[in-house]
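K.L.:
As given, the protein sequences belong to chains A and B, one line each in that order.
Those letters in the first sequence? Residues 1 to 331, by the numbering used here.
Those letters in the second sequence? Residues 1 to 251, by the numbering used here.
One thing to keep in mind: the hints can contain errors.
Claimed, not checked - Think about it this way: if two alpha-carbon atoms lie no more than 16 Å apart in a straight line, the pair counts; the simulated EDC-like pairs of lysine to aspartate or glutamate are:
#, chain 1, residue 1, chain 2, residue 2
1, B, Lys71, A, Asp204
2, B, Lys188, B, Glu209
3, B, Lys107, B, Glu25
4, B, Lys107, B, Asp77
5, B, Lys88, A, Glu47
6, A, Lys141, A, Glu153
No lab work stands behind these hints, which were simulated from the structure alone.
The structure displayed is predicted, hence computed values, not measured ones.
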Amino acid sequence: MSRPLLIARRAAAGLLDAIQALSLVFVIIVAGIVITALTSSNFYVLEILVLAVIYMQFTSSWDVLCGYANQDNFGIAFFTGISGYIAAILNKSLAMSPWLTVPISATAAAAAGLVIGWLALRLRGPYFALLTIVFAAVLSKLAYIFSHVTGGEEGISGIASFSRSVETDLLVCVALLFISVLCMTAFARSHYGLILRSTQHNEDAALASGINAAHYKVAGFGVSAFFAGVGGAMFAHTHMQVSPELMAGSLSVLVVLMAVAGGRGTILGPVLAAGALTLFNEWLRIIEIYRPIIFTGTLIVMIYIFPSGIANASFFARAPLLRRLLFGREA
Amino acid sequence: MTLLVASNLSRHFGGVKAVNDISFEIPAGTVFGIIGPNGAGKTSLFNLLTGFLPPTSGSVRFRNREILGEKPYHLVDAGIARSFQLVKPFFGMTALETLMVPIWSRKLRLKFLTREMREASARAQLDRIGLADKANTLVDDLNQGDLRLLDIARAVSTEPEMLFLDEPFSGLGQEHVTRLSSIITDLKQSGVTVAIIEHRLRELMQLVEHVMVMNFGSKLAEGKPADVVRNPAVIEAYLGSKGMQFGSAGG
Ligand SMILES: Nc1ncnc2c1ncn2[C@@H]1O[C@H](COP(=O)(O)OP(=O)(O)OP(=O)(O)O)[C@@H](O)[C@H]1O
Ligand SMILES: [Mg+2]
């Protein structure tokens with residue numbers, strides 16, 4: 001069998017397997033969002049759902065590498081930012097349609113991910129985290145330095161939205177999220193996920209098993225950056241503006257916290273946590289002044305109670321059916 | 001036929017000559033023993049031969065091809081596998097998952113095309129080392145003996161022609177020792193060449209036909225086990241005053 005054919009066959013089998021393994025709760029949530037988009041005209045609710053979908057995209061893209069390789073990327077905003085800005089610039093200056101900017105900017109983010117992944121190969125733990133922080137920090141500085149292109153602090157506004165209505169924008173976003181989660185689940189359940197997990201503590205045994213560990217880590221970085229990039233472009237085309245916040249350290253940290261609280265290495269744990277936490281954060285607007293304190297406090301308490309995240313809580317080991325419903329099939 | 005030829009192999013760490021100008025040959029189909037006191041450079045030698053340590057100088061030819069300095073995963077493709085003295089388990093993974101990893105080496109990935117084939121192969125390997133009932137146990141919950149056997153099974157899973165085992169018997173209880181000895185004998189019978197570093201001489205002497213003794217990074221002696229253990233220089237270097245006891249144990 002030729003190599004491309006073999007890869008195509010594996011990818012198809014992987015996607016099929018991911019569909020079979022998918023969390024029922026996630027499917028229900030996606031269906032719920034679709035129904036809301038089709039029936040509701042409450043602008044406020046639709047906007048919040050768009051935001052929740054974007055955060056679900058961000059956290060799952062973080063998890064697909066970091067949750068499996070057990071390395072903490074504290075610079076996911078590098079990829080959301082670079083992709084969001086590229087989408088914005090392509091759309092504004094070349095009048096490119098979102099159907100083109102999303103794949104192009106996500107691919108650019110993936111390319112950047114491959115480079116950073118390669119540079120980070122030898123680093124572990126805090127050193128790995130530092131490298132990702134530095135890259136994201138440099139990028140946001142660059143956004144200020146090249147303000148004639150990026151709009152500096154103001155950012156870029158007047159970006160085209162996916163469609164003329166929020167309802168359709170939400171449908172586009174939730175469709176992109178659904179496809180992304182399927183692809184990332186397939187990736188994580190494939191030998192890529194297996195080998196990333198095998199390198200968590202020490203990669204000598206993987207090397208001695210004939211595995212070029214570097215290849216898998218760099219590929220994982222590329223995949224993570226690609227889907228973070230999809231999220232960044234989603235943001236640009238729904239909020240119709242991008243600002244340095246999209247590449248800020250605070251966003252990176254928030255994504256790490258939500259993913260870790262949800263349960264790393266499960267894709268769906270971070271997805272569900274990001275969705276729930278975004279809604280919770282919006283709901284807290286009724287007590288606006290205390291909102292940031294209560295929100296971050298909740299995150300910290302969650303991580304304190306479930307240090308390995310909700311999806312990995314020992315509770316679910318004893319309730320496999322519930323686990324299956326919420327987070328999908330395990331093996 | 002000679003499978004592996006090391007010539008003037010050296011590796012220095014600053015002033016420490018961990019491996020110092022060693023030359024030896026491993027004939028195909030044999031079990032080759034390496035002994036020597038702590039810090040003699042045995043593990044460093046294995047690291048050189050399996051691509052885990054860049055050499056200071058020298059040459060290693062495997063099936064007449066220079067392999068020194070190649071990456072460990074390329075050496076696996078070439079037919080070289082190893083286990084570790086300090087086992088490095090895939091924490092968070094099950095025993096079965098551990099043995100799925102080598103299947104994705106370039107050497108084997110085209111051999112097992114379906115998920116069923118891959119799983120069956122990993123299960124067969126687990127069965128062989130007697131851990132079939134622990135297939136779905138996390139390695140975090142396995143004891144030292146099981147972990148060592150699993151690491152050896154991981155190495156064997158790569159279907160090597162030449163297998164390097166670094167102190168495979170250490171930390172094993174009697175039952176595990178018996179099982180491992182018979183696995184090594186089986187491997188030999190199926191044509192695999194095995195090199196073993198070992199402190200537990202009783203097990204080693206029964207398995208090997210040829211022993212090399214290392215001390216301070218150099219080769220001290222080499223030959224049939226029975227002859228080597230009677231060599232006064234070996235007794236002196238390896239066991240000091242306990243030498244006589246050692247001589248009788250080996251004979
Ligand atoms: N990475 C390293 N850096 C510096 N020195 C090293 C390194 N690895 C080994 N050494 C030194 O090289 C010498 C040989 O060590 P090695 O581990 O190869 O010995 P060994 O024969 O396997 O000993 P043991 O029986 O204790 O396993 C020792 O003096 C050791 O301290
Ligand atoms: Mg050693």
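K.L.:
Is the Cα-Cα distance between Lys141/A and Glu153/A 16 Å or less?
P.N.:
Given pair Lys141/A, Glu153/A holds - Cα atoms ~10 Å apart, limit 16 Å.
K.L.:
Compare the distance between the alpha carbons of Lys107/B and Glu25/B with 16 Å, and conclude whether the hinted pair is satisfied.
P.N.:
Not OK: Lys107/B and Glu25/B at ~25 Å, beyond 16 Å, violated.
K.L.:
Within a Cα-Cα threshold of 16 Å, do Lys71/B and Asp204/A meet the stated pairing?
P.N.:
Since the Cα atoms of Lys71/B and Asp204/A sit roughly 11 Å apart, the hinted pair holds (cutoff 16 Å).
K.L.:
Is Lys88/B within 16 Å of Glu47/A, Cα to Cα?
P.N.:
violated (49 Å)
K.L.:
Checking one constraint from the list: CA of Lys107/B to CA of Asp77/B, max 16 Å. Satisfied?
P.N.:
holds (5 Å)
K.L.:
Please verify whether Lys188/B and Glu209/B have alpha carbons no more than 16 Å apart.
P.N.:
Holds, because 11 Å separates the two Cα atoms, which is no more than 16 Å.
Of the numbered hints listed earlier, those contradicted by the structure are 3, 5.
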